[in-house]
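Taken in sequence, the protein lines are chains X and D. Taking the working numbering, the leading residue of the first sequence gets 1, the next gets one more, and so forth. Taking the working numbering, the leading residue of the second sequence gets 1001, the next gets one more, and so forth.
Honestly, the hints are just simulated from the structure, not real lab data.
Counterexamples of contact, computed for chain X against chain D with all Cβ distances above 10 Å:
| hint | residue |
| --- | --- |
| 1 | 58 |
| 2 | 162 |
| 3 | 193 |
| 4 | 197 |
| 5 | 208 |
| 6 | 224 |
| 7 | 231 |
Covered by chain D, according to a simulated footprint, are these stretches of chain X (three or more residues, beta-carbon under 8 Å):
| hint | stretch |
| --- | --- |
| 8 | 98–105 |
| 9 | 112–122 |
| 10 | 136–147 |
Going by beta-carbon spacing under 7 Å, a handful of chain X positions derived as facing chain D:
| hint | residue |
| --- | --- |
| 11 | 125 |
| 12 | 127 |
| 13 | 132 |
| 14 | 133 |
| 15 | 154 |
| 16 | 156 |
| 17 | 235 |
| 18 | 240 |
| 19 | 243 |
Only a predicted model underlies this, so the values are computations on that prediction, with no experimental measurement involved. Don't be surprised by glycine CBs; every beta carbon is placed ideally from N, CA and C.
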Amino acid sequence: MSRGFSCCGILALGLCAHALAQTSHHPDLSGVWNGAVAARVLADGDKVGLLLAAREGTLVNFERDNALLRRMDPNKPVYKPELWEKVQKLDQSGNTEDPAYGCLPLGLPRMGPPMKIVQTVEEMIFLYTGNPDTYRVIPMDGRPHTPLDQLDGTWKGEALGHWEDDTLVVDTIGFNDTSWLDIGGYFHSENMHVVERLRRDGDTLTWQATVDDPDVFLKPWVMNARVLRRNPDPRAVLEETLPCSERDLSHLVTKEHH
Amino acid sequence: MVTNAGRNACAIFCLISACAAAQMPRLADGHPDFNGVWNGNANSPFVKSEDPLAQNLASRDGQLLNFERDGSLIRRANPNKPLYKPQFWEKVQKLDQNGNAEDPSYGCMPAGVPRMGPPPKIVQTTKELVFLYVSPPAQGWGDQYRVIPTDGRAHTPLEELDGTWKGESIGRWDGDTLVIDTIGFNDTSWLDIGGYFHSENMHVIERLRREGDTLTWEATVDDPDVLIKPWTMDRRTLRLNPDPKATLAESLPCVERDLSHLVTKEHH
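Based on the sequences and whatever the hints tell you, model everything.
This is the structure:
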């Protein structure tokens, strides 16, 4: 093979790959999305704030107050009546029953939106920090789901992505029944089905997950949307999370999360 | 946007060009394409009968009897070891002898760089490489990732870095070899079993090279605080998974239940 021909081939390959990448007409979701953590502190005028020590940024009781605020959220999963007692019992023993209190993964959808997205034509890579640092690989090649009975139930499940116009839709099945959806004893079955929708508007990214689990829910639960801001620094990096080391659980004297 | 016909024509032309150019798949920027799942070649823990070591090992030819202990013996028989300064020999030995309690990877802690080894999956763009890892079942440090920028940035000064398990990695291309330079470690992780500790001044250089459908990974560990000379770890070669739809299996989370029941102090 002549050197000239080889170079020409490489150049052509390069140009083609470049052209294909450029012709992707989908929104660019790549980047670090960590600019907007929701404030947990109430403003002065909030009626609930009168009852909370943590109002206006004081640190007294802020963990307990924060849990109160989360529990007041009217947007809750609606369980079948025969499971209400189970949810309540799990909740009341949250410190020992919640897997996230024992260094286990949060799993989907509790892990929330990704902190960083790497986007290629074939797949989306979601990178997470927190407990623990983890990733999801989301194929975009149009493959179908593996039949549920052939999947080992996992924390992250089998995620597949596709575009609906400018919205990235991630469809996930194949879960274990160990993870929770949130504090509050919100367990689920292995038949859970999670659909996440991600949409970029300017430099914000909106993430919203819908959880369907006909074994335990009366109807699908549409979780609160979360909005992230794009980190404007092109060199922004994710911080490494400290590994989870369970030292405190045996010293907790209460059973319920606060 | 191009038409499907245009896209197909382009793809076919690419294919022909690639055949003509042969050997190395490349990205648009001309660098070798490391994208893919690289998990085709796990090292076998078993030795064969013809190996001189084997006559002493119960686990030869795939016998499971004592295979963990034998695997450890084989690793310890490897002459390629880090050379510690004489004043640390006793410390290394003591850590080794108490490996079950001292080795952080026996307590669900991360393996860290370079012990986490080569990545089973690489995602490459023109700005960065993402290394995706699954942890061995025996360790269970989870599904970790590394983001390695290749945009030419400089290292953060060491004194401004919090020491971490993975450190601060920066990549660059040396011809067709990807060179990853990492500093900014904690002094908690080990390099391997055997009490191989290191200091916060550790400096790791990994070199990755693709030849056809194999990827070769080699790491050199320099730590002038504790080592007499840099340690070049044994090279590891991975094979590209030929299935374009291959996925990584999710790591089981590490739950430390066994440590308090172990009656020996030393790894086996």
